[in-house]
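J.: Below are the chains, spelled out letter by letter.
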Amino acid sequence: MAVDESRADPVEDKSWISVTINGSKQDYLVEQRLSLADFIRNQVGLKGTHLGCEHGSCGACTVIIDDRAVRSCLMFAVQSDGSSIETVEGLAIDGVLSPLQESFQANHALQCGFCTSGFLMSLVARLREGPIDTESEAREALSGNICRCTGYSGMVAAILEQSNSIQGIKENS
Amino acid sequence: MKSAPFKYYVPSEIDEALELLYQLGDEAKILAGGQSLVPMLNYRLLSPANLLDINRVSELKRYSLTDEGLKIGAGVRQREIELSPEIELAFPVLHQALTNVAHVQIRNRGTICGSLAHADSAAELPSVMVALGAQMVIRSGVGVRAVKAEEFFKFHLTSDLEPAEILTEVHVPKLPAKTVGAFEEVTRRKGDFALVGAALLGQWDANGQIQNCRIVCSGVAPVPLRLRFAEDIVNGTDLSDQVLVNVQQSVMDSLDPTEDIHTSSHYRKIVTGVVVRRGLSRLVDQRGAANGSR
Amino acid sequence: MSQISEIKENLTVTNIGRGMIRREDPRLLTGQGKFIDDLPFSDFYEAAILRSPHAHARVVSIDTERALKLSGVIAIYTAADLEPIMKDLPPKVSHPKLNYQIRLPMVKEYANYVGEPIAVVVAENRYIAEDAVDLIEIEYETLPAVASTHAALRKGGPKVHIGSESNVAVHIIQKAGDPEAALKTAPHVIRETFKITRGGGHSIEGRGVAARFDPITQQLTVWDNTQAPHYVRQMLATIYGMTEDEIRLIAPQDIGGGFGPKAQFYGEEVVIPWIVMQMKHPVKWVEDRWENFISATMERSQTHRVEVGFDEDGHLLVLKDVFEHDQGAYCVGLQVPTITMSTLPGPYVIPNIHSELISCYTNIVPTSSLRGAGRPQAVTVMERMMDRIAEHLGMEPAEIRRRNLIQPDQFPYAVGLLFRDGSPLTYDSGNYPALLEGAVDRIDIVKFRRDQAEARSQGRFLGLGLSMYVEGTGIGPYEGARVRLTNSGKILVTLAASPQGQGYETVYAQVAADAIGVDIDLVEVRHGDTSSIPYGQGTFASRVTATAGPAVWEASELLKSDLLAVAASLLKCDVSSLALSGNSVFIESEPERRVLLYDIALVSNVGRHGMSVPRDLPIAIERTAYFKPVQAVYSSGISAVIVEVDPETGKIEILKSLLGHDCGNVLNPMIVEGQILGGHAHGIGNAIYEEARYSEDGQPQAVSYLDYALPTAIEVPTPELFHVFSPSPLNPLGVKGAGEGGTIPVPGAVANAVEDALRPFGSRICELPLTPERVLRAIYDHD
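Residue numbers (my numbering), protein chains in the order written: chain A, 8 to 180; chain B, 53 to 346; chain C, 5 to 787.
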């Protein structure tokens, strides 16, 4: 087997990035091959974003970047330079659960809770595009994430309850 | 599942990107949406020495819909095209195919051109682009060339792209008047790659006959498979039930599809006939609308 | 939302039986969970593992030189460096006849499955550790591999373990009555062969182990997201030659799903803490998804050859089942196939039974318990045969079941076989007719048959499938709970078992609050730390509700009697005049005469320095109880599924799913329903989607979620639930396990429904999961 010099001496190059995370902007020096997920977890220290598959299928690592839900395991941190990143830690304000988080609790939409952050971020992004009115829309909105504990029923109920209450507020105002 | 080390380049101009690519040659991979590439890096199925990120090349981030058709730059996300009401109106079959590409989180990041360059024969976009008669605009340090979609896909995960080339744009020509289309696929789960898929286009003429029909299948061969023999059967017919039965039988009799861990050749043989028939019957459903409105 | 409301009559309860929202949720919903990889192990090195790429190979040489030179690599360990711990990892459940093959923590000479650990790299971070794994050079001599039980049993074929004479791990026969004679005389006998393939647990969090050694206290602290912390501690103590007190095993507060694979014991759990003691530096290893696909235990692969004999009226006379079980490369435990054996008869009266297990080694990652643990296979086989009997006699499938069910007045009912816990298979309680009729009423079978006939006339194919099961839960030997009055006047419940999403912090606060009578807000529940409670078994086999539940109840009752005794002493009254509620004990007739729990803690726990206390005054208010069940308690249930099958593509759409469930009394109906709903999704996965395929040379074919189809919200419908209450007489809470019941009957019900839908084609559904491929083959190959 021939010695591959490039592999024996990994590139240590790092880059500065400037990102806004949950509203606060900061500069970080990141290794070029560091995944965005590992950056958020280990360098920023926000451990609520979880890694479930590292190939973009389970959705546990979903975060919102510039208003779009994306897989943080399929981006490198260096690519996020200049962007605004939202993670699960930004959803509750001063420890008060957001209405969607409250609906999750009320409807037993989580069990082990490992996948929950990713579901919440997917749904937050989706609900900004418009309400979810039907069960099939709710299931479509959930389908990019995998949960092994709940069977999804509680999440479907939580979304519809959440959407109905938003609708109710709009109709009453 | 962490990527092997690589040297990261992030050009902001296309010429800079091409120059870098020329220098790095086959030691480099182009990173666009990364939704297929990064999983392969994380599994270490690939460990390129250099990664050339084209996401900052502003020239590539544009798409335009004109009288000539649709032009989509290499930096354009699938979701942008999916969400454009004008594109949905002009190319409903493209929109329909896009909604079947993985899940929204992937489409938010994945690019149209990236999916085409990845050349997965079970993916939705390659077969749709072949059906739409799209042109691939390929650039390198020495110039630009255009390749028909039909000739672009060489094998499963292999395209016509040379190491120093970038698929910078895809051109989808404007569809003739009264074009109808359909996208059909059978998958294990919603969002999965196709076990069998088909993109169909055609035009109903004044006599109520389908013309210029294009039938392109995904998942059944190492490249998007255009079923010319099936097109010959249906062109000039009214797509009566008997025609549909004939074409289904003909597809079943003629094909020798690929086999993989997802399903057998035999399954694909049978179901491709079904999918083609179902797609054609959706063209039939659109006969009235096509004659009425356009 | 809950449809569960009843509770055992003799319990005075205010919290038990209520669907209280979970205390765990706020931290999990805000990203503040404490999963193993979220703990602040910032100074820990990280490990990556080189795993065998071959299903069967001899390791000729290992060269780590280049890898060690890589900047950031700290150390590399192979079996040669770990001689003191290269000891056998014994099976959880064994058998005297087991053809035993030693399982070592790492490969010493022969790698026997793809994924078996060969070398451990310790580096500054996981990225570098993985780089180094790629630089280790190993020379292998590849050997022929065995990748199915069929191949394992082939005469003259290759052997899974070099030097062994047979690939059969164990051959066990259990009989009740005289099955041979009954088969000869039965008026009708029908036969079939069923095959169920491999599937995985797929907790979204992988396995993980981290450890730190304190050279001053000589204390080894291990964080391990195991389902069984005390079991792991015991294994480590044995292998390392340490006492149990020298090892503190902590299952983190939050564990991202278990489902069985995390209840097993793996080489990584032995190696990582040992390395930590060698290096005198903390290390963590967190399994990634690729590793999970190839090295976490799996389940389900069995091939059954079954015969049933019955009379003209459809009464079962005899059941004979001979099945091959894929044990994988090593015997991690025999619990799965032995559970299959005893689950076969289900809720039916069967006078003569022959159940025969041929368990085989294969060169594939070992199998072990996975949600359902051998039961989904047994239930699929039995329930498929019930439908075949109905078809044979031209009877409605519900009717054939009705005629054979064990009746409510027949409990305790002795089946005539042994359960996996070693006790006779004796069902303690149940009401199987109520489950069947509950489903039949809700489905409206008469109407369904009309709809089905009409749909068929339009070329649409609908089918109905029923599937019933009886599930042994709450097994021994024991589970423990410690209940303490804290010095601040609160109640702390410490469980030995650790949860993976089952809401113990909520449920056991409900139990303790009711047993003591205090305000539930004063009760806190902790779990998963062996230093807080000396003994325990763990969370598996749907056992905790029926073992830890009574332990919490009993310890709490003892604690209450202490609290009352202290209060009686302080108030100078008789205990019988006292009542406990909120945060105080008071004289019932004079409620203003009261002592706070805080006061009791001051007197009995804190004490006054140097002062004596009355002889009969309880001090150090803490009680521990270990509940040891006399035998398993038997939950039961029914699944009914209506499907539509597209006969042109083989795609299955579930139009309706119904689950009837009986786990006795219910502590928290919201959580029990959650367990059933989650189990149901797993059952749908096993029925239609999930398959861990291997090539004939033992290479895994599905190592990503693109290739392994875990169901999403689109594939899993919300089932309608109903509950039947048959409290167990065998524990003080009347409870039974609920963790697996949602999974167990579903594959059989779906298979029955699909065959029912395809009856016009004469299709035979004999292999799961029902991929489009298999369904289409069943349509085309029916003759």
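The set of hints was computed from the structure by calculation and includes no laboratory data.
Fair warning: there could be bad hints in the mix.
What the simulated footprint calls covered on chain C by chain A, stretch by stretch (three residues with Cβ under 8 Å from a Cβ of chain A suffice, anywhere in the stretch; the number is not a length) [said to hold, decoys possible]:
#1 32 to 45
#2 251 to 260
#3 680 to 694
In silico DSS-like cross-links for lysine-lysine, where the CA-CA straight-line distance does not exceed 30 Å [as the list claims (entries may be wrong)]:
#4 B/Lys59 - A/Lys32
#5 C/Lys284 - B/Lys242
#6 B/Lys200 - A/Lys21
#7 C/Lys159 - C/Lys179
#8 B/Lys242 - C/Lys199
#9 B/Lys113 - B/Lys226
#10 B/Lys200 - A/Lys32
#11 B/Lys242 - C/Lys179
#12 B/Lys59 - C/Lys73
#13 B/Lys230 - B/Lys123
#14 C/Lys655 - B/Lys321
#15 C/Lys73 - C/Lys38
#16 A/Lys21 - C/Lys73
#17 C/Lys38 - A/Lys32
#18 B/Lys200 - B/Lys123
#19 C/Lys655 - C/Lys451
#20 C/Lys284 - C/Lys112
#21 C/Lys199 - B/Lys321
#22 A/Lys21 - B/Lys113
All C-beta atoms, glycine included, are put in the ideal place defined by N, C-alpha and C.
J.: With reference to the structure, classify each hint as holding or not holding.
T.: Cross-check of the supplied hints:
1. 32 to 45: Coverage by chain A holds here, the residue count being 9 at a Cβ distance below 8 Å.
2. 251 to 260: Since three or more residues must qualify, the claim that chain A covers the stretch 251 to 260 of chain C holds, with 3 doing so at under 8 Å.
3. 680 to 694: Contact hint for the stretch 680 to 694 of chain C vs chain A: holds, 6 residues under 8 Å.
4. B/Lys59 - A/Lys32: holds (26 Å)
5. C/Lys284 - B/Lys242: violated (50 Å)
6. B/Lys200 - A/Lys21: Given that 30 Å is the threshold and the Cα spacing comes to 40 Å, the pair is violated.
7. C/Lys159 - C/Lys179: Since the Cα atoms of C/Lys159 and C/Lys179 sit roughly 27 Å apart, the hinted pair holds (cutoff 30 Å).
8. B/Lys242 - C/Lys199: Judged against 30 Å, a Cα distance of about 26 Å means the pair holds.
9. B/Lys113 - B/Lys226: The given pair, whose Cα atoms are some 21 Å apart, holds under the 30 Å limit.
10. B/Lys200 - A/Lys32: Violated. B/Lys200 to A/Lys32 sits at ~46 Å, over the 30 Å cutoff.
11. B/Lys242 - C/Lys179: Status violated; Cα separation ~46 Å.
12. B/Lys59 - C/Lys73: holds (21 Å)
13. B/Lys230 - B/Lys123: holds (21 Å)
14. C/Lys655 - B/Lys321: holds (16 Å)
15. C/Lys73 - C/Lys38: Violated, at roughly 35 Å.
16. A/Lys21 - C/Lys73: holds (22 Å)
17. C/Lys38 - A/Lys32: holds (26 Å)
18. B/Lys200 - B/Lys123: holds (14 Å)
19. C/Lys655 - C/Lys451: holds (24 Å)
20. C/Lys284 - C/Lys112: holds (24 Å)
21. C/Lys199 - B/Lys321: holds (25 Å)
22. A/Lys21 - B/Lys113: Distance ~26 Å between A/Lys21 and B/Lys113 Cα, so the pair holds.
The structure is inconsistent with the numbered hints 5, 6, 10, 11, 15, although it conforms to all the rest.
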